[in-house]
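Going down the list, the protein sequences come from chains A and B. Basically my numbering = 1-based index in the first sequence + 137. Basically my numbering = 1-based index in the second sequence + 14.
Treat the hints with caution; some may be incorrect.
[Claimed, not checked] Pairs of lysine-lysine, BS3-like flavour, derived with a Cα cap of 25 Å:
id, chain 1, residue 1, chain 2, residue 2
1, B, Lys-104, B, Lys-80
2, A, Lys-154, B, Lys-101
3, B, Lys-120, A, Lys-154
4, B, Lys-88, B, Lys-211
5, B, Lys-101, A, Lys-156
6, A, Lys-365, B, Lys-193
7, A, Lys-146, B, Lys-104
8, A, Lys-365, B, Lys-102
9, A, Lys-156, B, Lys-104
10, A, Lys-146, B, Lys-101
11, B, Lys-211, A, Lys-159
12, A, Lys-156, A, Lys-146
13, A, Lys-159, B, Lys-88
14, A, Lys-159, B, Lys-101
15, B, Lys-211, A, Lys-146
16, A, Lys-365, B, Lys-80
17, B, Lys-120, A, Lys-146
18, B, Lys-142, A, Lys-154
19, B, Lys-143, A, Lys-156
20, A, Lys-154, B, Lys-104
21, A, Lys-146, B, Lys-102
22, B, Lys-104, B, Lys-120
Quick caveat, the hints were computed from the structure, so don't treat them as lab data. These figures come from a predicted structure and were not determined experimentally.
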Amino acid sequence: MRDILLIAKREYLEQVKGKAFKVTTILIPVIFAAIIGISIFASRNSGSGKHIVVASNDAPLAARVQEKLLTDKNAHLTVDVLAPAADSDRRQLIAKIDQKQIDGFLWLTTDANAGNAKATYVARSSGDFATESRLSDAVDHAIVQQRLSSHGIAAGDIDALTKGVKIETEQVKNGKEVGSSTLGSFFAAYIMAFLLTFTVMMYGMNVGRSVIQEKTSRIFEVMLSTVKPTDMLAGKLVGIGAVGLTQLAIWAAAALLFSSTALAASLMSGGLKIQISPAEIGLFAVYFLLGYALYSTLFAGLAATCESEQELQQYAPLAAVPVWLSFSMITFIVSNPNSFWSVAISLFPPCAPIAMFLRIASQFPPLWQIALSLALLLISVWIVVWFSSRIYRIGILMYGKRATLPEMLKWLRYS
Amino acid sequence: MAAVVELDRISKSYEKKIAVKDLSLRIEAGTMFGLLGPNGSGKTSSIRMMVGITMPDSGSVQLLGKPFDRESLKRVGYLPEERGLYKKMKVMDQLIFMGELRGLDKGTAGRRAHNWCERLQILEASDKKTEELSKGMQQKIQFISTLMHDPDLIIMDEPFSGLDPVNATLLQDTLIDLKNAGKAILFSTHRMDQVEKLCDAICLISSGHAVLSGGMREVKSRYERDRVILQYEGENSFLQHPAIAEFKDYAGYVEIRLKPHADAQSLLREAAQKATIYRFELVEPSLEEIFIQTVGEKVDA
Numbered sequence: 138m139r140d141i142l143l144i145a146k147r148e149y150l151e152q153v154k155g156k157a158f159k160v161t162t163i164l165i166p167v168i169f170a171a172i173i174g175i176s177i178f179a180s181r182n183s184g185s186g187k188h189i190v191v192a193s194n195d196a197p198l199a200a201r202v203q204e205k206l207l208t209d210k211n212a213h214l215t216v217d218v219l220a221p222a223a224d225s226d227r228r229q230l231i232a233k234i235d236q237k238q239i240d241g242f243l244w245l246t247t248d249a250n251a252g253n254a255k256a257t258y259v260a261r262s263s264g265d266f267a268t269e270s271r272l273s274d275a276v277d278h279a280i281v282q283q284r285l286s287s288h289g290i291a292a293g294d295i296d297a298l299t300k301g302v303k304i305e306t307e308q309v310k311n312g313k314e315v316g317s318s319t320l321g322s323f324f325a326a327y328i329m330a331f332l333l334t335f336t337v338m339m340y341g342m343n344v345g346r347s348v349i350q351e352k353t354s355r356i357f358e359v360m361l362s363t364v365k366p367t368d369m370l371a372g373k374l375v376g377i378g379a380v381g382l383t384q385l386a387i388w389a390a391a392a393l394l395f396s397s398t399a400l401a402a403s404l405m406s407g408g409l410k411i412q413i414s415p416a417e418i419g420l421f422a423v424y425f426l427l428g429y430a431l432y433s434t435l436f437a438g439l440a441a442t443c444e445s446e447q448e449l450q451q452y453a454p455l456a457a458v459p460v461w462l463s464f465s466m467i468t469f470i471v472s473n474p475n476s477f478w479s480v481a482i483s484l485f486p487p488c489a490p491i492a493m494f495l496r497i498a499s500q501f502p503p504l505w506q507i508a509l510s511l512a513l514l515l516i517s518v519w520i521v522v523w524f525s526s527r528i529y530r531i532g533i534l535m536y537g538k539r540a541t542l543p544e545m546l547k548w549l550r551y552s
Numbered sequence: 015m016a017a018v019v020e021l022d023r024i025s026k027s028y029e030k031k032i033a034v035k036d037l038s039l040r041i042e043a044g045t046m047f048g049l050l051g052p053n054g055s056g057k058t059s060s061i062r063m064m065v066g067i068t069m070p071d072s073g074s075v076q077l078l079g080k081p082f083d084r085e086s087l088k089r090v091g092y093l094p095e096e097r098g099l100y101k102k103m104k105v106m107d108q109l110i111f112m113g114e115l116r117g118l119d120k121g122t123a124g125r126r127a128h129n130w131c132e133r134l135q136i137l138e139a140s141d142k143k144t145e146e147l148s149k150g151m152q153q154k155i156q157f158i159s160t161l162m163h164d165p166d167l168i169i170m171d172e173p174f175s176g177l178d179p180v181n182a183t184l185l186q187d188t189l190i191d192l193k194n195a196g197k198a199i200l201f202s203t204h205r206m207d208q209v210e211k212l213c214d215a216i217c218l219i220s221s222g223h224a225v226l227s228g229g230m231r232e233v234k235s236r237y238e239r240d241r242v243i244l245q246y247e248g249e250n251s252f253l254q255h256p257a258i259a260e261f262k263d264y265a266g267y268v269e270i271r272l273k274p275h276a277d278a279q280s281l282l283r284e285a286a287q288k289a290t291i292y293r294f295e296l297v298e299p300s301l302e303e304i305f306i307q308t309v310g311e312k313v314d315a
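Input sequences plus hints: build the corresponding full structure.
Have a look at this one:
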């Protein structure tokens, strides 16, 4: 036990004092903030800055559509009106699209009193969902206004009648309604799952690298003449795991500090309320530790069989498949947290830390599922540790020569 | 007195190669033991079995009078051939860490590390990171880390390789001091001149077999003094003497190899009659010659 602590302490101090620790501690939150910022910015600006033409046989309707489209400040649309429009205009408009003078046009035809309106959007690009939804919104709005107007309702009343309602979302937590925005809880899940993926992988690889460095620098030969290989491995896992927890704690503290600042308050007022409960933080730590234990022992065993860091890196993507699998399912899990696949993947040990965490963030799963996933994770950690520590013991000494099976069995008996 | 190390017919083979075959040896306290052999002869394999890094396929290892036991390793200092230190660690931290791992408390480890650094003249480097130091310096640090816990058995695999003569002598003298303090020291090398100077007993292994072993005097006495160095002035017809197998005459300085069991004294008498003899020396074979004779000419040493 003393040896394990000594080795853990050495590993911890070396890594915490190292340059990589400082760089990642600062850089990762910065990169995160940048990614989130860019994605928010991009989603706000998608389909913006386009030049479209509203062509209609009904000039007042076209004007209303134009007016509505122009009220959306984020869209930055340039909207021209062509009314009344004839079939020959349509051919001209198509030619303009072809010559890239405009991005698209909305062909709007109505019969008398704005009944039976028919709208077609013709554009160069398909799949521009943002513009489509803006257009559909504007056309609906304009037609309703037009019909109200034809029924003799005053302009001021029309505006009051057609004023939209913004939907606010609330989440039921512990039997109480909690104000939340879907975007907010999605981001919370997204950030925490990304953080979990990142740290589990980073520190798992870290253990692998540390093993291979000891192997290539031959230091283990000195160590093994004093310390048991299992103690060496255990010390390494504890030490590096503590480094990971330290880094997470630093980030948590920084986030807490940041959330009390004015800048955070102004960001949060934009409807982005991020709710993270103490239970989530506790579970985050548990899933981090178990996920880390699973992946780091896996990498340690793998590293012991490799000859160089390059060789280890070739294996790394393979071991990372489950992580990326659960990561790629983020959107699915967040929108369907209780579907069969979400439950299955959150119980499957290699994916459990991340997948279950996403479910926790979007909707708290039944306790038995969390307990089951933790139990399954613990069992698989135990199995991987059993195998890896044995592979480690044998593999770390074998450079150049491969161990034979009887030799491995002998090793199992001796140490 | 019980031997500090006793190997009893240990064997070890890897997939295709036999590394060590039926090797037996004994090392007493207060002696310096040389494990010799060409590269790849099984020196390192034998040493690894002594320190429990690998286990023999057959045969037994006794350390400090007991069958092999990991506890005994706390009284063994091992310097592997492949040098390994934590590159990012400061020298002093590294030495203290190694000392603590071998059961010292932090204070004692610090004091001893300081004393050793002073003794080996690297105190000024003790605050630097290991990777900033020269190879020779690193080797001295590793040498110290082997001795931090005052082990009764010191095992060093090629301790002097890569050192300049001044530092090699410094380490040699240190080892002699330790030997005189009653420690048992085993080192492996293929440098015969060092062994000849330092060792009380040797074991020469080749392809995993012990081909020659015993006390240094005893081993040497098994080989005839069959070489003569002679300096003369005058006629050289005595070089036709029947005792001579071959000779090289460098104008007044002759190196002679005698036939087996030839009478050197009769050669001296004849030479004295025919020429003026300034020097007539019957030389015992050097360990290097014994080594080459025993192992064969194809030695990669």
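What are the numbers of the hints the structure violates, in ascending order? Checked against the structure, the hints that fail are numbers 1, 4, 6, 11, 13 and 15, while the rest are satisfied.
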